[in-house]
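K.L.:
If you read the protein sequences in the order shown, they are chains H and S. Here the first sequence stands for residues 158 to 271, where the numbers follow our numbering. Here the second sequence stands for residues 3 to 115, where the numbers follow our numbering.
Please note that a few of the clues may not be correct.
To be verified - Among chain H residues calculated to face chain S with C-beta under 7 Å, some are:
1) Phe199
2) Leu200
3) Ile202
4) Ile213
5) Ser243
6) Phe247
7) Ser251
8) Leu253
9) Gly259
10) Phe262
Hint data in this document are derived by calculation from the structure and do not stem from the laboratory. From the three backbone atoms N, C-alpha and C, an ideal C-beta is built for every residue, glycine too.
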Amino acid sequence: DTAVSQTPKYLVTQMGNDKSIKCEQNLGHDTMYWYKQDSKKFLKIMFSYNNKELIINETVPNRFSPKSPDKAHLNLHINSLELGDSAVYFCASSLLGRSWDGYTFGSGTRLTVV
Amino acid sequence: QQQVKQSPQSLIVQKGGISIINCAYENTAFDYFPWYQQFPGKGPALLIAIRPDVSEKKEGRFTISFNKSAKQFSLHIMDSQPGDSATYFCAAILTGGGNKLTFGTGTQLKVEL
Chain H
158 DTAVSQTPKY
168 LVTQMGNDKS
178 IKCEQNLGHD
188 TMYWYKQDSK
198 KFLKIMFSYN
208 NKELIINETV
218 PNRFSPKSPD
228 KAHLNLHINS
238 LELGDSAVYF
248 CASSLLGRSW
258 DGYTFGSGTR
268 LTVV
Chain S
3 QQQVKQSPQS
13 LIVQKGGISI
23 INCAYENTAF
33 DYFPWYQQFP
43 GKGPALLIAI
53 RPDVSEKKEG
63 RFTISFNKSA
73 KQFSLHIMDS
83 QPGDSATYFC
93 AAILTGGGNK
103 LTFGTGTQLK
113 VEL
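Okay, chain H solo, but in the shape it has when bound (with noise of 0.2 Å):
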């Protein structure tokens, strides 16, 4: 019974590809978030929604777009792709305001740009 589910798990596409990854969670969180490991393991955040909304929006290039259908889900979609676009891009879940019970993350996408 996964809490926060991502798809795919492994993705390998050529430069110039658009892709999309999936991301849905069953915690009844109300806020969802899109991070980016790099090939050193620094995790930086990218995108979060609450509630549908977007509320963080960090100097992301505009070829990444996420959308949330709604509060379970949240997508990630990304054109024209770049070869420093291959990283594990992370989906996570939490409530707001709580940060106590911290963030439940996804087992991760990871990207390949070749």
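Given the coordinates of chain H, work out where chain S should sit on it, guided by the hints.
P.N.:
This is chain S only, laid out in the frame that chain H set:
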């Protein structure tokens, strides 16, 4: 600008020993400080967390020490076990900033038999 600095980058400890990871932060508006544990191929998982008005928190073999005046905090793993081998991240949260979680750079811990 790295708002949360973490050291060491890697750590090797003998089984039964104490593992110590240190972090420092700059933004005094951070209001919660969690530690995450990540195994290969998995997402980070919350290990233990502390508020800035508490100097120490212990959960089992894991203890956070917090020094608000120095803007530093550390994770101590007592009686380290091979199963503790993982990457550990300190982090800081701005609850008022959309629960934004800012991570340290990570420490790869290996516990040897």
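K.L.:
With reference to the structure, classify each hint as holding or not holding.
P.N.:
Hint check:
1. Phe199: holds, 6 Å
2. Leu200: This hint holds: leucine 200/H lies near chain S, its Cβ roughly 4 Å from the closest one there, short of 7 Å.
3. Ile202: holds, 6 Å
4. Ile213: Holds - the Cβ of isoleucine 213/H comes within 7 Å of chain S, reaching about 5 Å at its closest.
5. Ser243: violated, 16 Å
6. Phe247: With a closest approach of 5 Å, the phenylalanine 247/H hint holds.
7. Ser251: holds, 5 Å
8. Leu253: holds, 6 Å
9. Gly259: It holds, given that the least Cβ distance between glycine 259/H and chain S is near 4 Å, below 7 Å.
10. Phe262: holds, 3 Å
In summary, the one numbered hint that this structure violates is 5.
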